[in-house]
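Hints given; two lone chains; assemble the complex.
Chains as they are written, first to last, in the numbering used here: chain A, 1 to 112; chain B, 1001 to 1113.
With a straight-line cut-off of 30 Å between C-alpha atoms, the simulated DSSO-like cross-links for lysine-lysine are:
| id | chain 1 | residue 1 | chain 2 | residue 2 |
| --- | --- | --- | --- | --- |
| 1 | A | 42 | A | 104 |
| 2 | A | 104 | B | 1015 |
| 3 | A | 42 | B | 1015 |
| 4 | A | 104 | B | 1057 |
| 5 | A | 42 | B | 1057 |
| 6 | A | 67 | A | 104 |
| 7 | A | 2 | B | 1057 |
| 8 | B | 1011 | A | 42 |
| 9 | B | 1057 | B | 1011 |
| 10 | A | 56 | A | 67 |
| 11 | B | 1011 | A | 104 |
| 12 | B | 1017 | A | 42 |
Hints in this document: simulated from the structure, not taken from any laboratory.
As the structure is a prediction and not an experimental result, all values here were calculated from the model.
The primary structure of each chain is shown beneath.
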Amino acid sequence: QKEVEQNSGPLSVPEGAIASLNCTYSDRGSQSFFWYRQYSGKSPELIMFIYSNGDKEDGRFTAQLNKASQYVSLLIRDSQPSDSATYLCAVNMNSGNTPLVFGKGTRLSVIA
Amino acid sequence: GAGVSQSPSNKVTEKGKDVELRCDPISGHTALYWYRQSLGQGLEFLIYFQGNSAPDKSGLPSDRFSAERTGGSVSTLTIQRTQQEDSAVYLCASSLSSNSPLHFGNGTRLTVT
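Just chain B, with the same shape it has in the complex (with noise of 0.2 Å):
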């Protein structure tokens, strides 16, 4: 079946321009996160939803940062007046529950100009 799938792979963009990541989880996954990994760092975690609750937005680094997610399904991840140190692999990654398994994308490659 159809895993995470994310959209750009790519996105090459000059500083200051806002971009949004997209994020199709597996169908009937109600848990969605998104990542953030530099270069040879390990996961940094942004933001969490779950089901109909409010999302856990404590790992966003600034109130730049912003994400939605429309019916509990697609989320989208946008992020305003882009600066260098945005530049990083973004990962989306979904379960079918909050205790199981989450399943990742193949990511966004932002590079900020």
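Bound-form chain A, shown alone (with noise of 0.2 Å):
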């Protein structure tokens, strides 16, 4: 069975502090992970991609991934209202006919 999985939250945050939301996927062989951002009633963004293992670093966002432990975070530096939204992680099983595999995702929220 591919799994993705990740705290539904809320995980509520002050204006300015650093947000942390975390996966866990169950396929030891997954190539590729994917972090998209949704707000309500919109359609999920691409906000971070990462393959090898490390940190990847874009402007305010941070992906870290560590496959060993089948682990993929999303940090969010100086963290703004606008960052309020739900997060989803998708991870590239590459196995099985459907690939691509999204968790439930965490909502957000950045409070003022």
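Here it is as structure tokens:
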């Protein structure tokens, strides 16, 4: 069973703090990892992707991947109220018919 | 450039009628997914097309649902004899390859009355 697990939240952080969103996955052979942001009533939009172990930074966002622990996280520095959304983790498990599996998402609320 | 285009953006239909939802993926994208999302819920996988391979239909909730992708481009999701529980947002997404990021369309909001 291919699974991607996320804490549903809500995760509440004060404005300016670091928000940490976590995701675990079941398939050790997974090769690519994606974070999407979904505002209420909108479609998911890609914010980060990572393929290799370690950190990848893009502006206020950092994706962290640890394949040995089957764990990927997203850090949002200097959180803003506009970051309030649901964050979806997606993992390309590259096995079976359908490679891409989404988690159910974590709802983030940034309090001004 | 053009993104993933879905039509119609909204569809209201009576219970028992058939509906067709259309998805135009980004040109050159070989992978295409359909998802369903009910209010406040996560993405529910429906069907996956990759190039000329047989589609993965394992997510279709019943035999009232079907989808096709013509010429490796445009896809149509058909729901026959719609039920009220079919009411949801139907999202289409495409990617350059099976290992690339997905790009989502704006979705079709289906309401079955």
